[in-house]
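Peer 1: Residues per chain, in single letters:
There are 2 protein chains.
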Amino acid sequence: MTMQPFTHEYFMKKALLEAETAFSKDEIPVGAIVVVNNQIIARSHNLTELLHDVTAHAEMQSITAAANYLGGKYLKDCTLYVTLEPCQMCAGALYWSQISKIIIGAQDHHRGYRVMGTQLHPKTEVIFGVMEEECSQLIKSFFTKKR
Amino acid sequence: MTMQPFTHEYFMKKALLEAETAFSKDEIPVGAIVVVNNQIIARSHNLTELLHDVTAHAEMQSITAAANYLGGKYLKDCTLYVTLEPCQMCAGALYWSQISKIIIGAQDHHRGYRVMGTQLHPKTEVIFGVMEEECSQLIKSFFTKKR
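Chain order of the listed sequences is A and B.
So in the UniProt record's numbering, spot 66 of the first sequence is number 66, and the numbers just go up one at a time.
So in the UniProt record's numbering, spot 34 of the second sequence is number 34, and the numbers just go up one at a time.
Please note: incorrect hints may appear among the correct ones.
Here are the computed lysine to aspartate or glutamate pairs in the EDC-like style, where the Cα-Cα straight-line distance is at most 20 Å [to be verified]:
id, chain 1, residue 1, chain 2, residue 2
1, B, LYS140, B, GLU27
2, A, LYS76, A, GLU49
3, A, LYS76, B, GLU49
4, B, LYS145, B, GLU9
5, B, LYS25, B, GLU49
6, B, LYS76, A, ASP77
To be clear, the hints were calculated from the coordinates, so they are not data collected in a lab.
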């Protein structure tokens with residue numbers, strides 16, 4: 001049997017590490033990474049409070065960083081791993097990027113792109129539920145702490 | 001009669017100047033400014049090609065710059081003037097910013113936030129049609145040149 005270390009769980013754990021870093025900075029704990037050919041080319045976490053910037057979601061930073069790395073604005077061969085379902089803004093940015101795949105941890109039933117009716121690019125494949133419990137638990141812990 | 005220089009047209013002209021700068025850089029010509037108490041606190045134009053970044057829309061840059069100026073992420077007392085109807089991404093960012101007003105020049109019937117079904121913040125007031133013809137004409141000229 002061949003070892004297969006590069007599973008969705010492997011990469012989601014990396015995104016979750018980013019989310020944990022956000023948690024430690026008192027930011028809503030969301031992390032994201034972008035992968036091409038099993039190589040991580042961008043990693044980021046939510047920084048909206050630190051930067052006083054509603055646009056500083058983990059996904060937005062990873063989209064910008066990945067495009068910068070690739071030297072082009074389209075992320076057609078890329079996969080984004082994100083610990084929480086993207087919002088309207090991030091899904092809108094992913095739409096423009098024509099990203100190949102989006103792998104999502106926790107669902108967001110209140111502000112997630114699905115309940116808000118945001119459209120992704122027709123070529124983008126989406127997979128939900130990778131390490132959903134761990135991703136969701138981190139966010140719940142954050143809001144429990146805040147209350 | 002009191003002089004009233006600070007009309008919607010006055011500020012939209014400033015946004016249109018930004019759009020013209022984008023045009024001169026071979027970028028899709030969209031400009032935006034943010035105004036508080038008749039003072040312009042942010043001005044920007046689309047830079048997606050130059051920066052290789054789908055997130056570099058005029059509105060996104062103005063939201064970030066205005067929040068930076070104000071030292072807080074919410075734009076509750078701000079008005080955004082933008083020469084083209086915002087897309088999903090930009091409308092999603094404006095949603096998070098809780099911006100007070102959005103004044104729009106040209107409509108975007110293909111990728112605008114309305115046809116895409118994006119939700120703005122319930123407290124945000126929107127006005128369409130300020131210098132619509134000029135804003136629209138600039139974009140049409142750009143795509144005619146491109147063909």
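Peer 1: Run every hint past the structure and note whether it holds.
Peer 2: Status of each hint after checking the structure:
For a cut-off of 20 Å, the pair hint linking LYS140(B) to GLU27(B) stands: about 13 Å separates their Cα positions. Annotation: proposed proximity of LYS76(A) to GLU49(A) is violated, straight-line Cα distance about 30 Å (limit 20 Å). Between the alpha carbons of LYS76(A) and GLU49(B) the distance comes to roughly 16 Å, so the proposed pair stays at or under 20 Å and holds. Of the pairs offered as hints, the one joining LYS145(B) and GLU9(B) is violated, with about 27 Å between alpha carbons and a cut-off of 20 Å exceeded.
Between LYS25(B) and GLU49(B) the CA atoms are separated by roughly 9 Å; this keeps the pair inside 20 Å, and the hint holds. At roughly 39 Å between alpha-carbon atoms, LYS76(B) and ASP77(A) are farther apart than 20 Å, so this suggested pair is violated.
The structure fails hints 2, 4 and 6 (numbered hints given earlier, in ascending order).
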